[in-house]
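Protein sequence lines, in the order shown, are assigned to chains A and B.
The first sequence begins at 1 in the working numbering and counts up one residue at a time.
The second sequence begins at 1 in the working numbering and counts up one residue at a time.
Any given hint could be a false lead.
Straight line, CA to CA, 20 Å or less: simulated EDC-like cross-link-like pairs of lysine to aspartate or glutamate [as the list claims (entries may be wrong)]:
#1 A:K57 / A:D36
#2 A:K50 / A:E24
#3 B:K24 / A:E24
#4 A:K50 / B:D334
I should point out that these hints are in silico values taken from the structure, not numbers from a laboratory.
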Amino acid sequence: MTRVDVRGEVCPRPALIVRQRLSELEAGDELLVRGDYPPAERNLSRMCRKRGFAVEKTDGGTAGDDFELLVEVTEGAEIPEA
Amino acid sequence: MPDRAADDGVRLTEHADLHGCSCKVGQGDLDALLREAGLTEDRDELLFGVGEDAAARRLTDDLALVSTVDFFTPIVDDPYDFGRVAACNAASDAFATGATENLDCLVVLGLPGELTDSAAPILAGVADALDEMGGVVAGGHTITSPWPFAGGAVSATAAPEDLLTARGAAPGHRLYLTKPLGTQSAMGALRVRDDEFQGVVAEAADRPVDRVGEEALAWMTTPNRAAAVACRGTATAATDVTGFGLAGQARVLADRSGVGIEVTRLPVIEGTESLSALFGYGLEDGEGSETSGGLLLSVPGPRAAGLESRFDDAGVFYREIGRVTDGEGVTLRDPELEPVSR
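Please model the complete structure; the sequences and the hints are all you need to start from.
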């Protein structure tokens, strides 16, 4: 599983960083995203779901504003170009 | 705009993590807070108050005083422009209730120590915007604050019968919006300045990002006063589009009027629809946060042509974006995204 830490990043940068990491993945891969900017959780989930990725909030990252999202590259996901 | 700010070496948006109306406390949290504080009941002393864009008190049979307060963190880097946007945004709450006369603004300003030099241009921006709206700066209050913020406590007057709230929408009415959406995406794109991502953003916008930003600034500094004057006597409900986004503000209208709202069209600043898709801001669902947005108006069908004619005469942008139903909540009916450029 690939991990990316966007803590300390303010929108729209988390979405751009995650998009870049997704471009390196293939169907079946998973990306674990850790962030701490409250609006980023919703924006990242929306950005990924709109492109057909499966997004699940994990139990991790419960400290403060921290959140953790597991993004799965589904067969139909529209993988961004690098 | 960005270039001028860069020359001065001051980038206001870097001093706050949330920008413009995005810093607004969420709708659900705000409702819970009001319930907890016991502030949900209507007050006999007021024509309307909590839950509306502004409060109104009847002073005489033919005069009502409307008051409101609004302030937020920087949405643009240039202090003067920030002042203009903040003033337009604060006055917009009064205009949304139909109050356009005797406009006074008490400026609310907070700045960290290192941005003290920005105070004068911010105030100049507020004063110039008020002047353009036929209002005056009547005073204010300034504090030291870790995050910069600016805005104002605004008062204005209207004849009581001209006042509008979010409670007057009825099934069959048409919905009008008086500014295109997309300020959040436009301003977000301007904040991406590093080599790593600037190319991705520029490619997504499909037009110069600075141009998208300039248009967003032009809309954010367009006062809603002309729209408020033009819709007098035709619209029966109004609110202005803010941090809750179009969908959120339409939900307020639907809930307070006890109706449903169908959105079929979304005018957006050209380029912001693809930027929003890149950033995950939800503009295509009406969920993007807006700063100093347009008026959202509910208008009985037979009066719609008259309203459009008055908007045309006054040079006010408008689009019919949906209709009011006898359902509940907000429904997006595969809305057509219409790119708008100035």
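What hints, given by number in increasing order, does this structure fail? 3
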